[in-house]
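Number of protein chains: 2
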Amino acid sequence: MNYNQLVQEITKKRSFLCVGLDTDLNKIPSILKKAENPVFEFNKRIVDATAPFSVAFKLNTAFYESNGVQGWIDLEKTVNYIKTYYPDLFVIADAKRGDIGNTSKMYAQAFFNSMKCDAITVAPYMGKDSVSPFLETEGKWAILLALTSNEGAFDFQTLELKNSDSTLFETVLIKSKQWGSKENMMYVVGATKPESFKKIREIVPEHFLLVPGVGAQGGDLEHVAKYGMNKHCGLLVNSSRAIIFADNTENFDKVAAEKAQEMKQQMDALLKLSGI
Amino acid sequence: MNYNQLVQEITKKRSFLCVGLDTDLNKIPSILKKAENPVFEFNKRIVDATAPFSVAFKLNTAFYESNGVQGWIDLEKTVNYIKTYYPDLFVIADAKRGDIGNTSKMYAQAFFNSMKCDAITVAPYMGKDSVSPFLETEGKWAILLALTSNEGAFDFQTLELKNSDSTLFETVLIKSKQWGSKENMMYVVGATKPESFKKIREIVPEHFLLVPGVGAQGGDLEHVAKYGMNKHCGLLVNSSRAIIFADNTENFDKVAAEKAQEMKQQMDALLKLSGI
Chain Z
657 MNYNQLVQEI
667 TKKRSFLCVG
677 LDTDLNKIPS
687 ILKKAENPVF
697 EFNKRIVDAT
707 APFSVAFKLN
717 TAFYESNGVQ
727 GWIDLEKTVN
737 YIKTYYPDLF
747 VIADAKRGDI
757 GNTSKMYAQA
767 FFNSMKCDAI
777 TVAPYMGKDS
787 VSPFLETEGK
797 WAILLALTSN
807 EGAFDFQTLE
817 LKNSDSTLFE
827 TVLIKSKQWG
837 SKENMMYVVG
847 ATKPESFKKI
857 REIVPEHFLL
867 VPGVGAQGGD
877 LEHVAKYGMN
887 KHCGLLVNSS
897 RAIIFADNTE
907 NFDKVAAEKA
917 QEMKQQMDAL
927 LKLSGI
Chain D
657 MNYNQLVQEI
667 TKKRSFLCVG
677 LDTDLNKIPS
687 ILKKAENPVF
697 EFNKRIVDAT
707 APFSVAFKLN
717 TAFYESNGVQ
727 GWIDLEKTVN
737 YIKTYYPDLF
747 VIADAKRGDI
757 GNTSKMYAQA
767 FFNSMKCDAI
777 TVAPYMGKDS
787 VSPFLETEGK
797 WAILLALTSN
807 EGAFDFQTLE
817 LKNSDSTLFE
827 TVLIKSKQWG
837 SKENMMYVVG
847 ATKPESFKKI
857 REIVPEHFLL
867 VPGVGAQGGD
877 LEHVAKYGMN
887 KHCGLLVNSS
897 RAIIFADNTE
907 NFDKVAAEKA
917 QEMKQQMDAL
927 LKLSGI
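So the protein lines, in turn, are chains Z and D. So my numbering is basically just the index in the first sequence, starting at one, shifted up by 656. So my numbering is basically just the index in the second sequence, starting at one, shifted up by 656.
Take the hints with a grain of salt, since some may be wrong.
[Stated by the list, open to error] Listed next, the stretches of chain D that the computed footprint assigns to chain Z, with coverage defined by at least 3 CB atoms under 8 Å from CB atoms of chain Z:
#1 664–674
#2 713–719
#3 724–732
#4 801–815
#5 912–922
Because the hints were derived from the structure by calculation, they are not lab data. Virtual Cβ for every residue (Gly too), placed ideally from N, Cα, C.
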């Protein structure tokens with residue numbers, strides 16, 4: 657999926673919501689536990705319920721890997737389900753990969769070819785040759801960690817560099833934007849740090865930002881939109897637990913849909929405010 | 657496996673070799689391609705052939721994930737095979753994971769519980785709470801990326817920080833050594849940068865260093881030992897392609913054993929030189 661297609665989808669649906677499928681086997685409703693394949697069954701119903709209000713799904717690979725082979729089966733089946741029934745939705749493997757060139761190439765194959773994800777999150781620590789293999793396929797995206805939503809973001813990301821006016825995360829933005837373009841790179845910026853969006857938008861005015869941390873982690877959607885939105889929206893705001901685990905009765909999917917719809921309505925208003 | 661057990665294994669075997677199972681389906685001998693499970697068959701024979709000369713195996717998860725569900729099956733079966741038949745060998749998941757706390761906890765479960773790996777490589781960019789969940793199980797290890805062997809290491813890792821005499825990778829060492837101890841943390845230091853070992857040993861004199869990049873990537877074992885070895889050895893030197901793909905006939909395992917034995921002999925001499 658390219659930049660314009662994603663922008664069109666946002667404009668059409670009046671939403672920039674990404675639903676995070678952090679599907680924890682221990683948290684899914686007990687009525688599903690008897691199903692042959694509880695995680696996939698849960699994901700299918702969440703996808704069907706929330707797709708009308710969202711433009712993207714993000715699958716956190718850790719939650720699948722923790723279930724071993726069955727988890728990897730669930731991951732593949734879920735990506736395949738979304739791409740079959742909702743081909744216009746953007747699918748992100750939240751895998752935070754990154755390794756030397758020949759290894760990153762293997763990860764790109766895993767998530768872009770074996771699976772049909774549109775994007776993968778990538779850690780920047782190993783530099784250009786660890787990121788470039790994710791930028792080589794048209795319509796596929798690397799989403800580079802810039803400023804994350806957790807406490808540990810202050811350990812290294814916000815340190816200032818010598819002979820520069822920039823912090824580490826700003827330097828990641830400055831250097832890496834030369835490796836790709838707004839057509840194949842996005843950045844992860846935590847919603848918990850909305851005051852940083854202004855500086856980030858000076859460095860990468862046009863790129864999409866993937867923003868986790870709204871909801872359970874305490875980030876505020878209005879602040880994110882105020883400081884992070886650009887003229888094409890340029891935001892994918894993720895919500896995971898606050899949507900998918902909002903209810904654990906047999907109505908879990910209906911409640912998830914309501915939560916997603918509420919966010920979509922807020923997003924619609926924020927898009928209008930920005931003249932989109 | 658704890659620090660002393662690993663040191664004992666090195667002393668007993670006269671080797672600090674880690675064999676990297678970067679098993680690329682396209683590179684394994686054609687005679688194995690007819691096997692029901694070519695990757696696992698290849699790994700089993702490489703493990704049996706090289707175990708006498710090595711103290712560790714490192715499985716690069718990218719090579720398995722690129723084969724989808726079957727790859728994850730091969731990964732689990734290989735770890736299980738090593739832990740069943742060679743319980744004294746140290747098994748590393750070279751997965752370069754790292755995410756917010758509740759997600760890293762899931763990765764720890766994936767590699768330490770679902771699989772029985774002893775250690776996992778972790779990217780430091782997201783800071784303390786992304787690393788700590790890997791330090792909570794006795795006998796299990798996080799191996800944090802410090803200075804990697806690739807060209808991209810110079811993009812961020814070697815940048816100097818303001819108000820400090822340290823580069824980013826040195827700061828990663830300085831901060832992170834307070835998060836754990838030599839009993840549950842190691843560091844990745846590329847063999848391609850032996851001149852850096854001296855400074856690294858000033859910061860982490862006792863920790864084990866996992867050293868990739870010897871062989872195919874151009875690193876030199878003698879330099880690594882000269883600058884990186886401590887009084888308990890403190891090194892695991894990895895070789896992947898130079899051992900496992902040294903030959904692609906039906907004798908591939910015998911040739912791999914010869915290559916591993918050659919390295920073990922060099923290592924034995926280097927251990928003696930250091931009085932170990």
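Given coverage of the segment 801–815 of chain D by chain Z, tested with a Cβ cutoff of 8 Å and a minimum of 3 residues: Check passed, 12 qualifying residues.
| request: Examine the segment 713–719 of chain D: at least three residues should have C-beta closer than 8 Å to a C-beta of chain Z. | output: holds (count 3)
>> Three residues or more, CB to CB closer than 8 Å: is that satisfied between the segment 664–674 of chain D and chain Z?
In response: With 0 residues in contact (Cβ-Cβ under 8 Å with chain Z), the coverage given for the segment 664–674 of chain D is violated.
- Query: In terms of beta carbon proximity below 8 Å, does the segment 724–732 of chain D have 3 or more residues touching chain Z?
  - Reply: holds (count 6)
### Task
Three residues minimum, CB to CB under 8 Å: does the segment 912–922 of chain D make the cut for coverage by chain Z? Let me know.
It is violated, with 0 qualifying residues against the three required.
Comparing the model with each numbered hint stated earlier shows that hints 1 and 5 do not hold.
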